[in-house]
Amino acid sequence: MPLEDFIITVFCWVDEHLNALLGDHRLRERGFAPKLADSEVITMEVVGEFLGLDTDVGIWKYFRRHWPSWFPELGSRTTLAQQAANLWVIKQRLHQHLLIDLGAITDLIHVVDGCPMLVCVLTRAPQCRLFPEAANFGYCAEKKQYYYGLHGHLMMTFDGVITAWTVTPAAGDEREAL
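Numbering of the sequence shown is given in my numbering, commencing with residue 14 and proceeding in unit increments.
Derived DEER-like restraints, expressed as beta-carbon distance ranges:
id, residue 1, residue 2, range
1, R188, P85, 48 to 58 Å
2, P81, D28, 14 to 24 Å
3, D37, E189, 34 to 44 Å
4, P15, E189, 40 to 50 Å
5, H79, A184, 37 to 47 Å
Honestly, the hints are just simulated from the structure, not real lab data. Yeah, the Cβ is synthetic: ideal placement off N, Cα and C, and Gly gets one too.
Generate coordinates for the entire structure from the input sequences, incorporating the hints supplied.
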């Protein structure tokens, strides 16, 4: 599928489901409406992630350079990043709609996999003040090393569709994530 068709397909799906999700409810109660539509911002994030651009700077530069005619109202990077960050609840709900459309919720078997999320270097752990209630010491068998931080878990289908994610203390077990 050409990239143009992919962008159009993603935009149409996002716009259709966003309008169905919001209905007559206004997302913003005060202030001016943003120049860039919310469905355009989410489309840019999805396409950017698909292309391997995982930062707001990378996504903004890519669309500013390659697609200015498709997104003429694309303003500054900070405006795009702020608007995208404010849409996190909407993105969570759209993810649930995507799971339903893909049939991932009805799959009987899901796989849970985890990875370490370092908060700080092991030698600085006693002085670390980040996440004092959740962060602790753990062991990564793949890297054969101890670390201080958290443990991220992804639950996915055999087809690779992510159905849920969570973060637990590093000393926890992947079975706790279920």
